[in-house]
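Peer 1: Line order of the protein sequences matches chains A and B. Every number in the working numbering is 658 more than the matching position in the first sequence, counting from 1. Every number in the working numbering is 274 more than the matching position in the second sequence, counting from 1.
Don't read these hints as lab results, they were simulated from the structure. Some hints here could point you the wrong way.
[Claimed, not checked] DSBU-like, lysine-lysine: derived pairs with alpha carbons at most 35 Å apart:
no., chain 1, residue 1, chain 2, residue 2
1, A, 796, B, 281
2, A, 802, B, 281
3, A, 802, A, 771
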Amino acid sequence: MQETLSIVVVEQDRDRALLIVDSLRDSGVHDIFVVSEETALARRIQERNPDIVLVDMASPSRDMLEELSLASGATERPVAMFVDQSDDGLTKAAIEAGVSAYVVDGLRPERIKPIMDAAITRFHMFQRMRTELEATKKALEERKVIDRAKGILMKARKIDEDEAYALMRKTAMTQGRKMADVAEAIVTAAGLLS
Amino acid sequence: MSLTVLKAGFIPLVDAAPFIVARELGFAEEEGLDLQLSRAPSWSTLRDWVALGQIDAAHLLSPVPVAAALGLGGIPAKLNALSVLSINGNVVGVSTVLADKMRAAGYRFDFEDPRAAGPALMAAVDGRLRIGVPFPFSMHAELLYYWLGAIGIQAPQGLDVRTIPPPLMADAMARGEIDAFCVGEPWGSIAVETGVGALILPGKAIWARAPEKVLAVRESWADEEPDLAGQLVRAIWRAGRWLGQEANQTTASELLSRPEYLDVSAEVLERSLSGRLVITPEGDLRACNDFVVFHENSAAFPWRSQAAWIAERLAARTGLDRSTARAAAQVFRADIYRRALASLHVDLPGASEKLEGAITVPTEVASASGTLILAPDPFFDGQIFDPAPES
Chain A
659 MQETLSIVVV EQDRDRALLI VDSLRDSGVH DIFVVSEETA LARRIQERNP DIVLVDMASP
719 SRDMLEELSL ASGATERPVA MFVDQSDDGL TKAAIEAGVS AYVVDGLRPE RIKPIMDAAI
779 TRFHMFQRMR TELEATKKAL EERKVIDRAK GILMKARKID EDEAYALMRK TAMTQGRKMA
839 DVAEAIVTAA GLLS
Chain B
275 MSLTVLKAGF IPLVDAAPFI VARELGFAEE EGLDLQLSRA PSWSTLRDWV ALGQIDAAHL
335 LSPVPVAAAL GLGGIPAKLN ALSVLSINGN VVGVSTVLAD KMRAAGYRFD FEDPRAAGPA
395 LMAAVDGRLR IGVPFPFSMH AELLYYWLGA IGIQAPQGLD VRTIPPPLMA DAMARGEIDA
455 FCVGEPWGSI AVETGVGALI LPGKAIWARA PEKVLAVRES WADEEPDLAG QLVRAIWRAG
515 RWLGQEANQT TASELLSRPE YLDVSAEVLE RSLSGRLVIT PEGDLRACND FVVFHENSAA
575 FPWRSQAAWI AERLAARTGL DRSTARAAAQ VFRADIYRRA LASLHVDLPG ASEKLEGAIT
635 VPTEVASASG TLILAPDPFF DGQIFDPAPE S
């Protein structure tokens, strides 16, 4: 029977934190603690004295954790960025998923791997969600601009909706520009001319 | 001609300008590079991106490659500095509470004298000074400890040092988490703009010629891609030369202010580029020559003695021996820089090391094609650092 690992998850968003904790629980019995406040982050973590710290690479508060790797007092254990030379793939996967881990020196790789695998999967999902959300938002905005440009063309050239759309598409194709850019130009120009 | 994609990362700071200008004004393209830039959320993330190959080049704090060579801070690869992106450019600021106390005690806010600012600052603090720096391995931390150490404060032991990413510095001060900071522009000016702080010193008042950011790459990449490394160094060098011309300051401010880069008003950015800073929320102006330098007097030359100074400071603080520190100085690659610029016939210094702090007036030194002029580089306390002491 292996000793329980103590893990600290640094995450401000409560829902995300819960999802991460759930995934980690699935990978084994761990003592998991979530830190959501940035204030005195390094000190809070030092108090817990964890084996592993997981943090979103996109979080600016990550720099505060760098202090941990410098702490060398008698009671504090050295914590190092997760760099397992023997498993380059795992480190790369972690970076790509946008999760970074600080791991106590000397913790065996086979103990770290299941936790990292779980975290990587979860963070990949977050990233996909974020990308999807951005894409949806952009598509919606483009759609709005295209609709407005269509309206402007219909009024100015006394044509119907399909013709206005076709005209914009043709212009975009001959000029090698995106439909949304052409629409944007029409809306801007109309604003200036009216 | 097809361009070679080269991915690089930066932190939103005025001194990321050489990368941004190299991309936006075509200096990278001229060298056959499609320089793609990503804004990083933190120094540690930017460092890991470049160390682990997500990107090939980064705008990094000059002490980061040195710290990596010393084995400090869990850095997963050897990093090299191919050139110095910028000299100086930091500010020391205090909260308005502290500024008021300092003013009441007779401090004049001259924005130039560390000997006056240090005691005035420490006298205004109750207990330990809570001070924010962007990263444990930064010129900010080095200058701060050097300055306060020289006026008799135990630094960093006697201070409460907090690591805070540059864009969050003004917020941390507004929330009352810190009494003071040392940060790169425009984030000091942002604290002034938002009315939470006042600036008391430019970094250059502590060390007149401090290497601030470097063009950092993986050592393995520098060795495997000598041609690309050369192209990149030349593109960045030309961008620096453009930035060094006063007439370009307004254009540079506009470029940097774009949402994908710094997303800060051009007017605030121009303050540091022109060296005319607003130092208090009341609007007090101070002029500062060489507030940030990109080009003049061989600014971009990666002097190994600069790396040696950083290495010795870091080694002394973390209990490493001096021979380890000497070896770490090799990460400033003057050799690659020379090779890269050979085709441009740029006049370069003959030596790759100098006595840091020894030049008090503009001085002619031997160079490849005669002489070139080095700018004054004194430390405020007159100390001189010899990178090769007698053993």
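Peer 1: Which earlier hints turn out false for this structure, listed by number in ascending order?
Peer 2: 3
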